[in-house]
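Peer 1: This is what each chain is made of:
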Amino acid sequence: MHPARTMFEKVWRSHEVLAETADAPAVLYIDLHLIHEVTSPQAFTLLRQRGLRVRRPDLTLATMDHSTPTRTEQLFGGAPIAIESAARQIRELENNCQQSGVELFGLRHSRRGIVHIIGPELGITQPGKTVVCGDSHTSTHGALGALAFGIGTTEVAHVLATQCLLQRKPRTLAIEVSGSLRPGVTAKDLILGIIGRIGVAGGTGHVIEYRGGTIRGFDMDQRLTVCNMSIEAGARAGMIAPDDTTFSYLAGRARAPQGEDWERALERWRELPSDAGAQFDREVHIDATAIEPMITYGTNPGMVMPISAAIPRSDDAAFAKSLAYMGLEAGAPIRDKPVSVVFLGSCTNGRISDLRSAAAVMRGRKVAQGVQMLVIPGSQQVKADAEAEGLDRIFKDAGAQWRESGCSMCLGMNGDLVPSGEYSVSTSNRNFEGRQGAGARTLLASPLTAAASAVRGRVTDPRELLP
Amino acid sequence: MSGIANLRSRTVVLPASNIDTDQIIPARFLTTTTREGLGRNLFADWRYDSAGQPRPDFALNRPEAQGCRILVAGRNFGCGSSREHAAWALLDHGIQAVISTEFADIFRTNSLKNGLLPIVVSEAVSRRLLDHPGLEVSIDLQATTLTLAHGEAVQFPMEAFARYCLLNGIDELGFLLEQRERIAAYESRSA
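Protein chains in written order, with this note's numbering: chain A, 1 to 467; chain B, 1 to 191.
The hints are simulated quantities; they were obtained by calculation from the structure and are not laboratory data. From the three backbone atoms N, C-alpha and C, an ideal C-beta is built for every residue, glycine too. Among the hints, a few may not be true.
[As the list claims (entries may be wrong)] Simulated coverage check for chain B against chain A, where a stretch passes if three residues somewhere in it have a Cβ under 8 Å from a Cβ of chain A:
#: 1; segment: 15 to 27
#: 2; segment: 178 to 184
[To be verified] Partial chain B-side listing against chain A, Cβ under 8 Å, derived:
#: 3; residue: Thr33
#: 4; residue: Gln53
#: 5; residue: Gly74
#: 6; residue: Gly80
#: 7; residue: Glu84
#: 8; residue: Asp92
#: 9; residue: Asp105
#: 10; residue: Lys113
#: 11; residue: Glu136
#: 12; residue: Gln155
#: 13; residue: Phe156
#: 14; residue: Asn168
[To be verified] To list a few chain B residues with every Cβ distance to chain A over 12 Å, as calculated:
#: 15; residue: Ile4
#: 16; residue: Leu60
#: 17; residue: Ser81
#: 18; residue: Ala86
#: 19; residue: Ala87
#: 20; residue: Asn110
#: 21; residue: His132
#: 22; residue: Leu141
Could you put the whole structure together from the sequences, leaning on the hints where they help?
Peer 2: Right under this line is the structure:
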């Protein structure tokens, strides 16, 4: 009989080609390698220089999302992609995939989307898999009980060439969340609250397992939002034990196992959750009932507070520099601060339920004068689903821009930018200086808060507009 | 990659904690398909004003920072995005080691794979280095020691395999490729 093991331990052990020793890291097998246009070109170049081939194109899937345009006319109307270097990157991924036999959801593919949205959506992200991508938000996929983490481009080359990575085993951190979220409080507010509590380096060197009744009660979209921002606490990965919510989410999806394979997969997946009594290196307890709608006020996601609070005071020089960048004052409220941009989308909050919750606030209302609101579905499938429900009409009638999927204004690589000095309420994951454009001032919040702030034209507690 | 053993340089200091990779190299410079030439945009939004002119008060722009190969920074350096362009940009600018009390995981891995040394030191050593920009320090990777100006040497942690690869100029992909038979055996086992 095994000693009690964590879910992470089970997935790690079952993927060891070679266990780690004092002298060498483990050789860890990778079940799914997702690639995109920005962090893969130099990896393919390395393979060509070394005369190497992609070992398992069948375990590799490519999409384009980071530098792709969101304007329909540039994708489907024959207009050129505005940024020439981005267009070149896109062509290079097309060539690399064609030459190596890697499946690509290209620019005009109906299943294209943000890499962390389409993995779960296709059902190719599955419990117990090891999943990597040259993108730090790969932690998202852990919501299905996968061990999923971001890697650099050299490691992308390692996985392309060998389907393996050299890895030191991380430690484990259990985050136990209990109680129900109050009305108007979302999974985004919970994860922002967790990051505020443990800090932006609180998870460094760790894989987080989110546990407890609150997490068990979450649907898959909520779980994906939580795991997505694990990296914002510094963690390599975030994981949630697979359960009936996971299984019913996956059942029937395009790349999920079917028929007898499905039954066998279910048997394996039911063995994955951490055993009773399994030991974690650290544990943190969070009371979900105490979480309020959260908003960031600084230049990292740990600088976060309840939307009704006043900005805290600190003697730290970096803290003062951060507030100066943001044009905010310690001790002042952030509520009612006028905003000029609202961004709804990203791998954090670009799924259908995020669009639904924002649409519920905006139905029959208008985006305030002087506010630009961008609604960017996380994938072309999310876009199609939203249009089938008529959500696009709600956003368009309100005066928001409804566009094609991609990372867009989360990092502004494709030219979707917040002007310098302007405030943006954004449902994305990073409020770093310049993240949404040089000089842009980002306030991270939930889709509900973003929608309410768009309607009022200033930072608004969504509970004021909820029925 | 040739072996790295010793490094001696004056330091350039960026005292802020949580310097993220978006600061090290902003996303708009990532629409490139090569790893060369990123150094000119290292810390672009801190280094240049909106007209593209160097800000004279930024640490890396000062005359005494020219030729410095060791950067000292506040805690949790390299957090955020996984972009390896951050390590490439630092190296292209001439930085060969970063000293901090803590590094973000992905940045540390990316650095080691490119021969950029992430050197972890105690709060006390970090404080001294942060408070005294331009100190001449040396790094001995073989002995894993950092020697400060007045001869005091402190040990720094360095993962054994990464150190071995750096000292001997061995690239990790070569090591992984040698595991081909084991990888194939794993694949047939789990098929």
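Peer 1: Checking against the hints above, which ones are violated?
Peer 2: Hints 4, 8, 11, 12, 13, 14, 17, 18, 19 and 20 contradicted; others consistent.
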